[in-house]
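Enquirer: If you want the building blocks of each chain, they are given just below.
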Amino acid sequence: MTPALPGAAAGAGVAAMTVPPAAFLLVGTLLFFIGVAGALLKRNALSMFLSIELMMNAVNLLFLTYARMRGDAAGQMVVFFVIAVAAAEAAVGLAIFVALFRARMTIDVDKANLLKW
Amino acid sequence: MSGPFLHVTSADLAAVAPEIVLALAGMLLILLDAFARPARRAFPYVALAACAVANLFGNYPSGSAFSGAIQASELTRFVDLLALAAVVLSVLGGGALLERDRKDQGEFYALLLWSAAGLTLMVKGTDLLVVFLGLETMSIALYVLAAWYRDVPEATEAGMKYFLMGAFASAFFLYGVATVYGRLGSTRLDALQAAAAGSSAYGDPLVTIGVLAILAALAFKIALVPFHAWAPDVYQGMTTPAVAFLSTAPKAGAVVVAVKVLMALAPAGLGVPWRPFLAALAILSILFGNVVALAQRDVKRMLAYSGIAQMGYVAIGLATFTRPALEGVLVFLAGYLATNAAAFLAVAALSGGEREPHPLADLAGMGRRRPFAATVLTLSMLSLTGLPPTVGFIGKLLVFRAAVDAQLVSLALVGIFGSLISAGYYLRVVYFLWMKEPTREVEAPAEDVLSGAAYILAMTAMLVLGVLPRPLLDWARTAALSLPR
Amino acid sequence: MSAQMIVFALASALALVFALLMVVVKTPVKSVLSLVVTFFGLAVLSILLAAPFIAALQVIVYAGAILVLFLFVIMLLNLQKEATEKDARPIHRVLSLVAVLASGGLLAGVTLRAGAPPVPLTAPAAAYAIPAADEIPLLGRLLFSDYLLAFEALSVLLLLAAVGALILSKRRFE
Amino acid sequence: MPTTPFSPLGADLLSTLVFLPAVGALVLLFVPDGARKTIQGIGLLFSGATFAVSVLALLRFNPDLVGSEAFRSLMVDRPWIPRFGIRYLLAVDGLSLSLVLLTTLLTLSVLLVACGQKIDRFKGYVAAFLVLETGMLGSLVALDMILFYVFWEVMLIPMYFIIGIWGGKRRIYATMKFVLFTLAGSLLMFVAILFAANVNAQATGIQTFSLLDWVPAALGGAWGLTPRSEALLFWAFALAFLVKVPLWPLHTWLPDAHVEAPTGGSVILAGVLLKLGTYGLLRFALPLFPNATARYTPFIAVLALIGIVYGAWVAAAQKDMKKLVAYSSVSHLALVVLGIFAVNATAVSGAVVQMVGHGLTTGLLFMLVGVLYDRRHTREMADYGGVASQVPVTTTLFLIATLGSIGLPGLNGFVGEFLILGGVFKVSVLWCAVAATGMVLSAIYLLTLVQKVFWGPSTVAANRGLTDMNGWELAGALPLIAFVVILGVYPAPLLNLVKNSVESIVQVARVRMLP
Amino acid sequence: MTLTLSEPLFNALLAVVKILFVWAMTLAALLPNLIWAERRVSGLIQDRPGPNRVGPLGLFQAVADVLKLMMKEDVVPLYVDKVLFTLAPLITLTPALVTFAVIPFGSSIPITWNGAVRDVPLVIADVNVGILYIFALTSLAVYGIVLAGWSSNDKYSLLGGVRASAQIISYELAMGFSAAGVFIAAGSLRLPAVVEWQHAHLWNVVPQFLGFVVFAVAIFAETNRIPFDLSEAEAELVAGYHTEYSSFRFAMFFMGEYANLIAASAVVTTLYFGGWSLPGVAFTGLWGGLASIAVFAVKTAAFIFLFLWVRWTLPRFRYDQLMELGWKVFLPLSFFHLIAVAAFVAASGR
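Chains as they are written, first to last, in my numbering: chain A, 1 to 117; chain B, 1001 to 1485; chain C, 2001 to 2174; chain D, 3001 to 3515; chain E, 4001 to 4350.
It is possible that part of the hints are untrue.
Claimed, not checked - Partial selection, computed: residues in chain E whose CB lies under 10 Å from chain C:
id, residue
1, Leu-4044
2, Val-4129
3, Ala-4136
4, Tyr-4143
5, Ser-4165
6, Ala-4166
7, Ile-4169
8, Gly-4176
No wet-lab data here; the hints were simulated from the structure. All residues carry an ideal CB built from backbone N, CA and C; glycine is no exception.
Whenever a hint applies, use it, and build me the whole structure from the sequences.
Expert: So, in structure tokens, the structure goes:
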């Protein structure tokens, strides 16, 4: 069967995967760990949180890949919820950063040392 | 199979009735705060009433609901009550303090109620997605509560640290769920259990890694070494009455979820392959928590490390993972809730306030000046040490007994070694309270009727359950029996 | 090499490179932008995985809202480059980098070599199967049947987040 | 599982006995701090009533019953945590009953003396002693291991407060050391209890913590412990008790605790708490682990001998009266341990008599030192000297107590020591000889104490205004003196009381020791 | 479905043709004329002639303007962030151009190929998440402004960027909710389906007038047009995010703004005014197809005129008024509208 471009294929039916699923999983895993690295190495709270967002999205990719492998919509549902939760988290997180900045004038994590790490 | 479309039965609603009550009460509080500010003195009572009503609805029938997304059981009822109890104590003890600091917005109580609702939903969840949503509801509310004194740098810093690390842990939770889903084809614990039972799942490295990631995320919420780093900072900076909640019920919830995950994804023989992992967490937590707590000079920070150690004892129960051990864990958690919440409330009542640190030295002489709160704190210290006739002893008795019965004497020995070390710092608090003359005047908030009620409640729980633990034990037993397998 | 393969290669390269850039870059704004590009790559990958709805959602919510919020906050707080002074915890950083590299490599290896899942990829249950034509009605149907509770729980979560964010970012005290 | 119906004044005498003091403490909670007279009244009422109940128990007890039958006469047995077979099991035999009487008597005396002295935070002081009394009595009468452990730990807390709040300058150090030493031992015992329960359950199929079930199983060989397990269990138990005794080299907490404790604390500590260690050995360690007992007897005996000599030697070098008495306790209790591990009827009954006797005499000594300290706020012997003329009553009583402690025939100490030495002699002449040296030394240092403090020229001016014991203090001390004399002259009732208990202990300890 | 090897190629070719056509229409035809149109309309409204010297009716004014801007010296201030400063105008332009991909600009045209006649729909990509695609892109438009504001390293620019980000996020919600009503009615997220539904029933503007009002206002806010152009507000912020821009880069912002305007008009037309359809008229065959394109163009142009009209008629809001309006008026209105539509659809049993 000839591969079709996914955009065109979406209306016509789900085409077979020519890219091995493991490749998607690999990308997802790598992205996840890039996110982990960022979360651990960044010094700015905001950048750390960005990295965490990347982790979440990497997980989403994993979910989508597995959902595709199994032809199962449950994985997509989970991603839907994860995206919503991420938005909620972002709102609260950023509000906390703003509050912290107002109180301390910095959100450098290394300088957030009123409480001993 | 897909469930019925937009179809909710009364049994479904009954199963989440407590959550509904809590959520609605939270919304009511927000509206009240917006439109009835003058009635702010009534907010704590509204929250308490919500808890009471939620408790009235707590007698829902067991069984799965919402097309199998959740599973109501004795166990969830047990955790419901723990969550409500923690909220009640926190509200009772926190009212006066917040009012003094003019921080008694309705949102505080609303967030507490919502957090509790998320917690109970998390425990009910059979679908890991529901578990995740419950976990996040609980956690996000707590992130906000951590930074509740948003003009206090320490509080916002605590909020930031808790938030960052919490979000980090959530990502790992999701990673675990994704992996397990990919390998076993479902996010539902019952389906996972069925799938795993008939396959080579237990040897699959990715499934193992997935479960590991989920457990690590839960261990973060429980604050087990090496996933504990947030606890001391957050406890220290967070509003003390909110810590009374944070440090108790959410941990219980996370423990129960961990048990459910292990039940589903550990092969028959009850989690034995996970034993080294859990035992390592237990040993590290007990030793690290207790030793570092010895060095602390801030009460809240000390209690944070002590909490890490206490959860180490829980981890002993998890590592043992026999039915009596799980029972013991539940009893331990219930006792810990009353004890630790009481401790934090008393610390709040005996310290200068949320805008200042809580050095141990400030407790000096409080035995004479504030005998009531000091007695509560003393009692909770004894209970935390695990000395009879307090409920802390009963919990340890059950957990250690289960460990010994499972031939894990060495774990029990580590446990008692930790208890011995812990006596050093718990009794130091008692020493400051009763045996040391104050070096400076501390402006402690006035006690009101509500906090008095909180003290009496907590003391009763600590002592009565310590002497006559049978009702608690029986209930914990039925709760543990309601677990699958 | 099929068209799918090419698109996959491009999109994943984009995602990975800009993800790395996001970590390496010192200016928060540029980190955010790199992440936007990464999310684009991810969206393309999602389309490849027959999830155009999710792809759109991802762009709308992440790129369109969350990251804009990040930018907003960055500009509001006027965050410049990360501190360049001496690293307070160099050992900590090196150690965590090593740990991340090791565990990431390990996991990537395990993922690649994992082989067939223990529960085989059989024909899925009819209800969850992604149909040939249009996945959105299915997702909608699932959302209001099996995931009804989750959906409602999500509503509380969002309300709570809104309330929390609001109260934390208020400047004045009563 | 036999249960006893609740009847307040019948079989449940023991519950009344144990919890009466705690009720008193509870009542005190509702009394205002300043109402000293009321507090005194309540304290004396409840401790007096407890003493009365203990006497009642003595009257009801039939000393002629043998073996486990002995326990049945006053037994209370109710389920407590039935799932694990944990019971509320209280019972007494001659051994525990004699110590119960000692406890109630000493507590009453201590409170009487306290009434005559100026004590800060008096309410708390009285309440702490009442709670402590509950703990001590509970430990003595509980036969369920968990229940025993509960009471055992309950003793710790009031003692922590008594030393920590009303103690001397280094009270914090002393009290922490006391708590940590004791706790270390008892926590180890806790795990051992759990382990033994597991062993028992596997051997007999019954979940139980009752000593009455354990002992037959252990002695009958049903437990089937490997020597290593038995040794570990034995040591876990023994350590808890030996710390409490305290046996050399575990004794270092004792001088600190004694010196820093207030008078009443020292009296109870020396009079009762130390005895609970030896009681535990007799009641639990020996019968449950006969083989290990046999194996480690020489080792413990050597430690005990070192303790006897060392304690005496160090006591002789002390300048502080309390420290001196404290080290004398180390020495005397080591003798008791030696007697216990001689495991024959003579030595063990001697040990029991000596336990009671030492409780009386050492209690008295601490009490009288306390009387002096209350007036002069110093315990240095050098600060006294020749005060006999100022305080003739104190001097007299002190002399009697000293002589009783030394073992002067006609006073109680003599009976116990003589029996122990006689029993030990049967086992080893060498042990007996070394132990006797300790006795001689004790005569030397105690008499030196009396000599330095009471006789001789009165050199210190501050002692001029020294007043003698007041009525309360006298009321507290006189009963003890009476018993010191009575038991010395006519020890038969005590010996008779404990005879069967001793017999059964010796019996069970012999079962497996025979090759 | 049997596919021959060249089928995808043919599809791709068709797509390219459509893309070229749409871009030609917007970039080459509509966009330059808009510059002229805006100035003429402003003249009209202010009762003056407007540009009328360059070419007939001043029609070449746009060319002249563009030439002038391109000839000017390209000033790049010293402290700007060079990369982002250059990227920002491009980013503004791109989403608008890509938006057209899912908008049906006509009915269909029959084409004979491989011996078979097939109706080629006049939409570049008929994706089943059409509207979400548009939302995704419009939500990205803000990046250009925000980045311009940030990279300029200028306080006015920065404030402009901050305002733009807050404003766009605020109005996106109302926009999404009001548009959702359309898709509930049509039962699909595909834009062709929406147009077909309107063709078969009724233009959405009639039953969903409230939604239309909210959507239209939100569009103004999203495109930063007066009365919502707070991000450039020359009275307070000099020129907001493009204070530091000059020459061709500046022109690109303008182009971006107009391209956005065209795209927005096209979307409103599609969602609420029946797209390429006219009531009672069936557009079939080649000429029908072409006629439908013309109908679509006219409707869009009408909307563009509305934009211009408003711009030169209404004063600018104050920033806090803008936010209040968004959150306290339009958001609740859009909620209300959505619920009403949903209830109606549910009641009518579809």
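Enquirer: Does each hint fit the structure? Answer for all of them.
Expert: Tested hints:
1. Leu-4044: violated (36 Å)
2. Val-4129: Constraint on Val-4129 (chain E) satisfied, holds at 5 Å.
3. Ala-4136: holds (4 Å)
4. Tyr-4143: Holds, about 7 Å.
5. Ser-4165: Constraint on Ser-4165 (chain E) satisfied, holds at 4 Å.
6. Ala-4166: holds (6 Å)
7. Ile-4169: holds (6 Å)
8. Gly-4176: Holds - the Cβ of Gly-4176 (chain E) comes within 10 Å of chain C, reaching about 8 Å at its closest.
This entry does not satisfy hint 1, going by the numbered hints stated previously; all others are met.
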